[in-house]
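Residue numbers (the numbering used here), protein chains in the order written: chain A, 1 to 180; chain B, 1001 to 1597; chain C, 2001 to 2399.
Don't read these hints as lab results, they were simulated from the structure.
These numbers come from a predicted model, not from an experiment.
Certain hints may be false.
[Stated by the list, open to error] Here are the simulated DSS-like pairs of lysine-lysine, each with C-alpha atoms no more than 27 Å apart in a straight line:
1) C/K2325 to B/K1214
2) C/K2325 to A/K21
3) B/K1355 to B/K1544
4) B/K1178 to C/K2325
5) B/K1128 to B/K1179
6) B/K1348 to B/K1335
7) B/K1544 to B/K1532
8) B/K1335 to B/K1214
9) B/K1282 to B/K1302
10) C/K2210 to C/K2230
11) A/K76 to C/K2261
12) B/K1004 to C/K2210
13) C/K2325 to A/K145
14) A/K31 to C/K2079
15) A/K75 to C/K2256
16) B/K1019 to C/K2210
17) B/K1282 to B/K1557
18) C/K2230 to B/K1004
19) C/K2210 to A/K21
[Unchecked claim] On the chain A side, residues computed to face chain C include the following (Cβ under 10 Å):
20) D15
21) R20
22) T26
23) F52
24) T65
25) N89
26) V93
27) A100
28) T104
29) Y105
30) G114
31) R122
32) L129
33) R140
34) F142
Glycine residues also receive a C-beta, built at the ideal position from the N, C-alpha and C atoms.
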Amino acid sequence: MNDLMERLQRDFGVDDITVRKPALTTFRVKKDSAETLIRELRDREGYTHLNFMTCIDYIEDGIFTLVYMLHNYDKKLSLGVHVDISRENEDMVSIHTLWAQAWTYQRELREMYGINFPGSPRLEEDFCLEGWDDIPPMRREFDTKEFSEQRFGHREGRHSEEPRDHMKVELYPNRGGDEK
Amino acid sequence: MNLKDLLSPFFVWQRAFEKPYTSIRPTIDRPGAPAYRGFHINIADTCVGCGSCHEICQNHAIDMVAVEEYLGREGDSGLRPRFDYGRCCWCGLCVDICTAASLRMSNEYAWISEDPTVFHFTAGVDDKPWQDNENGYRRAEGYHLYPPKRIEMEMLPANESVSSFEEVVKGYSEEQAKKEADRCVECGICVATCPAHMDVPDYIHSIRDGNYEKGLQLMYRTNPFPATCGRICTRRCESVCPVGILGEPVAIRWLKRLIVDQVDASDYQRILADTITENGKKIAVIGAGPGGMSAAYYLRKKGYAVTVFEAQESAGGMLRYGVPSYRLPDNDLDKDIDYIVSLGVEIKYNTAIGKDIKFEQLLENYDAVFMSTGLSVPSSMRIHGEDHPRVLSGLQVLADVANGRDPGIGKKVAVIGGGNVAMDAARVSRRFDAEVTILYRRRISEMPADEEEIHESQEEGCRIVQQAIPVEIVSADSEQQVAIRWGEAEMVDDPKGGRPRPVLQEDRMHTDTYDSIISAIGQGSNLDYISKEMHEEFAIEWGKFTPGEYQHTTLEKVFVGGDFANSTADAISAIEDGHHAARGIDRYLNPAAYEEK
Amino acid sequence: MKLPFGRTTSSPISTGHSASLDFAQPEPVDLASGKYVKLWQGPQHPGITGNMSLELTLDGDTIIDCKTHVGYLHRGFEKLMERRSFIQNFTVVCRIAVPEPTFNEYLYSHAVEEISGIEIPERATWLRTMNLEMMRLASFLMWIGGQGGAFGQYTVANWTLAYRDYVLDLFEEMTGARIYHMYIVPGGVRAGLPDGFEGRAREIMDGAEKLLDQIERVMFNNTVFKARSKGLAIIPPEMIDPYGIVGPNARACGVKRDLRKDEPYLAYDQLDFDIVTGTDSDAYERAYLRLQETRQCISLIRQCLDRMPMDGAFQADMPNVLHWKVPAGETYVKAECTRGEYGYYMVTDGSELVRRVHVRGPSYTHAIAVMERLAVGNNIADIAGMMVSLHTYPPEIER
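Could you put together the complete structure from these sequences and hints?
This is the structure we're talking about:
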């Protein structure tokens, strides 16, 4: 494992190498080398299985971290390849030629995060969200609560009290700490 | 295609004679499994309305609604959970988190109505057919969603503590405190019970965040004696903590102490940032105990010039002269007092009202007066021979020790009483190497003293004789000694339902000789500084005031608080009295500010 | 090759090295020519597993293009989890795969435990193992019904679906619910076994064993079933990794992979079982392999009952879940569900909420990329049986 990591560091400039557990190491690679690196891991290092591909929205840093989870069946090791891209309309290199299911993931990421993968088949097709008219819903700024408050009503007559506030009002309205 | 494969499927006919899987409804009723998660049951009398079920419900299916009959019960918010079955997913987390184990589920799962709005009910309050169902899901023994046991407090071992005045309770480390703070369910029921209504859940939260400055600010909102209360508070909050119903209550007192211990006194000014705008009015406070100093603090913050008159040479009252330093070290008490003084509160020490200055003078010279002189006169045992020189008062012994004087108790001591003063006097005596026997009229379980104090005094070697009634003090052979005649008591149930009464058993009398007998059965007030006429005007009964709203007395300018004006007679009540009187005085002197509200 | 019932079949995939596999999408056809028919199968169709739909383009009876459509069960669980506390989420995850909620409960809990460094007590590992195997049994019974039904054998479907209810009875007793058990909770499980459970469980296992023998006689040793499933939807070995095929779908072509053996979790290293593999890799082989795995479940459940400690703690010491902050971390945990690798990828940031959870269900590729590929060239009548033979559950695709 260390040899491989050293080589990846040298050849692809990967960094942020973290051993999450004996069977899982994650690292970060620049967007431009990502596809080549993943291809090499698949073809030369035995990481033939794409467990999944997903995205984490780090809205506070303005980035999407794409995660490619690769698995080596012989060594029973997994690699989590992290690729940071800008949240603002940045394209990502497609890996649909590497695994048959990759385009599905990319289509989903397009729908849920708004990430573009040029060349990926059927990218513009709806995946889960037929007729969706809001921002891509997995982005952190999409507020599910607000969305449902707007579209759905509440049952009439519901009202809840906080024990502490209720007791103050009922039992000692003039005591306790003054208003903050 | 082979013949076998063609014939084999005909085997299905064999099954035609087997018992069918299905059962016919409604002929055959099929109840849920004994632990089925069906409709909710709440034992409303056991429930305390802490709202943890509401808190944990991921569907917002539970509302806490007021149920009149439970409002005002001690340690009960008066709220009960109301379920919206349009949202419930029957996960049962509400049952798992229930601090009182009052919430459970029945194995009933059919509720049919044509009206979709009816599936909304207050469990245990609204009448439902499954309320008495004996089956259904409940939290399994050994399964907890919060730690039921408290983080153990490190104490000085009894063999060490008994020979020094070093503080016995060592205090939590930051890490321990974080863990203990984690146990809080943030219901806030304790806030109602705390006489000062401290923001307990909030400052506990600040411990979890490691933000002690915030914690200190929160505590000073309602209590300018956090270092003191963090050590010796009677902590009624803990007695109502819902976490304590099934486990041990959150150690609120020790957590309060941790916050103070983490902040250096020199940072108080910066953190609390109490800015004072003088309003030109003068207030006199009589007594620099917790009540007086609390009033002084909150009045000073409102811009009043406050002068505190204290008969002793130091401030603190009972906290200094009545609480031994192994429970409350002087420098911790000083931390609280010094900050109040630093805001410009003036204390006139060694100034007794009625002797050095007349009470009437204060009324004349100040815009308002707050009296908080507490209970300083030991109560009499009302038995023959009580005035024997070897009969000492607990208060006197404690005051002597606080002042650095030898209390002169000898080596064999009997302490009479079961309150905190008795325990303190006993434990102090142990530190002067005396062999200590505590005589108490009732059973140990009925002692008014703090349970921990009783336990620690026993640890330190004090012998407690329960159900022992003193009958007479008699002279001993030596002048340095005294004897006490006491009898064993039987507890007799009160036919009216009150607590059992000890009845002296004349045939089981004992006489023991001691070097001294320390009487600590209670104390009364000393109101000699008020004239007879005024006594009547104040309507003082049994040496106690009955103040009105905002601690106001019948005299226009005078407000009272502390032990002689409340029934609980503890530091935290005195602090609240002081705080509340400060509000009252401000309302009295500055009514315009309150008119709109 | 011409088979009975007029079905043409041939392996639609050219064999060769994986690198030469072509993932290209079929060219669109000219529907206006009148030569082709477009047909929607699903989302409500008994031949579809769960709610999804197949957009089929037919040339006569032959499928020349298949596009899958999902989204009928999308409830946004991954998003919901980002705004619920760590304890609340465990009540949500079970809904991600309706017939196999327990795997979600286990993996979610395991991911949280792994990141927070919580070790669960031994008894909990056994209870979890048994719970997962019971789940596998229930799920396989439902699948057998589906597979039988898809080829017209509704008798078997009724047997197994009804018998599944007996297994659900066991769940009801053990966990308090039939479908969404919510039994495996971060830190352990919610309760031990109820009184008398072991006896009833053994009784139901005995019955299940008998039922499986009957099913083998009626469904597997059956000319019709054989004729329709043999040679159908063959997955060649070189498709396995490029298409991310896992579980029985991969094992049926001889790929000896099973996470329970390869990377043992819970108590699987203390149980006796072998990985079942096949060779023919067609619908029949997959079905027969699943039948054997169903039998294996029964054996594993019995072993669990034999070996698990019957008392002791079943939950680790937990912090107060009302304000539980899990330290920042990242992990990917997986388990062998009935359909292969089921995984939870979790990222935490030290707050009271999870940063990101990605649920990896085997159907994601089995029902889309694999299905679309295998469908082409097959007869419309076989599409239902083929889909069931891939054993897919749409909700885990959409999460």
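A quick look at each hint next to the structure:
1. C/K2325 to B/K1214: Holds - the C-alpha atoms of B/K1214 and C/K2325 are around 20 Å apart, at most 27 Å.
2. C/K2325 to A/K21: 20 Å, holds
3. B/K1355 to B/K1544: 21 Å, holds
4. B/K1178 to C/K2325: 12 Å, holds
5. B/K1128 to B/K1179: Violated - the C-alpha atoms of B/K1179 and B/K1128 are around 40 Å apart, more than 27 Å.
6. B/K1348 to B/K1335: 19 Å, holds
7. B/K1544 to B/K1532: Holds - the C-alpha atoms of B/K1532 and B/K1544 are around 14 Å apart, at most 27 Å.
8. B/K1335 to B/K1214: Satisfied, since the Cα-Cα distance of roughly 18 Å is no more than 27 Å.
9. B/K1282 to B/K1302: 11 Å, holds
10. C/K2210 to C/K2230: 25 Å, holds
11. A/K76 to C/K2261: 11 Å, holds
12. B/K1004 to C/K2210: 20 Å, holds
13. C/K2325 to A/K145: The hint holds at about 22 Å.
14. A/K31 to C/K2079: 26 Å, holds
15. A/K75 to C/K2256: Cα-Cα ~14 Å, so holds.
16. B/K1019 to C/K2210: Status holds; Cα separation ~15 Å.
17. B/K1282 to B/K1557: 12 Å, holds
18. C/K2230 to B/K1004: It holds: about 17 Å lies between the C-alpha atoms, which stays within 27 Å.
19. C/K2210 to A/K21: 43 Å, violated
20. D15: With a closest approach of 16 Å, the A/D15 hint is violated.
21. R20: 6 Å, holds
22. T26: With a closest approach of 6 Å, the A/T26 hint holds.
23. F52: 4 Å, holds
24. T65: Check passed: Cβ of A/T65 comes within 9 Å of chain C, closer than 10 Å.
25. N89: 21 Å, violated
26. V93: 16 Å, violated
27. A100: 4 Å, holds
28. T104: 5 Å, holds
29. Y105: 8 Å, holds
30. G114: Violated, because the Cβ-Cβ distance from A/G114 to chain C comes to roughly 14 Å (cut-off 10 Å).
31. R122: 7 Å, holds
32. L129: Holds, because the Cβ-Cβ distance from A/L129 to chain C comes to roughly 6 Å (cut-off 10 Å).
33. R140: 8 Å, holds
34. F142: Nearest chain C Cβ about 8 Å off; hint holds.
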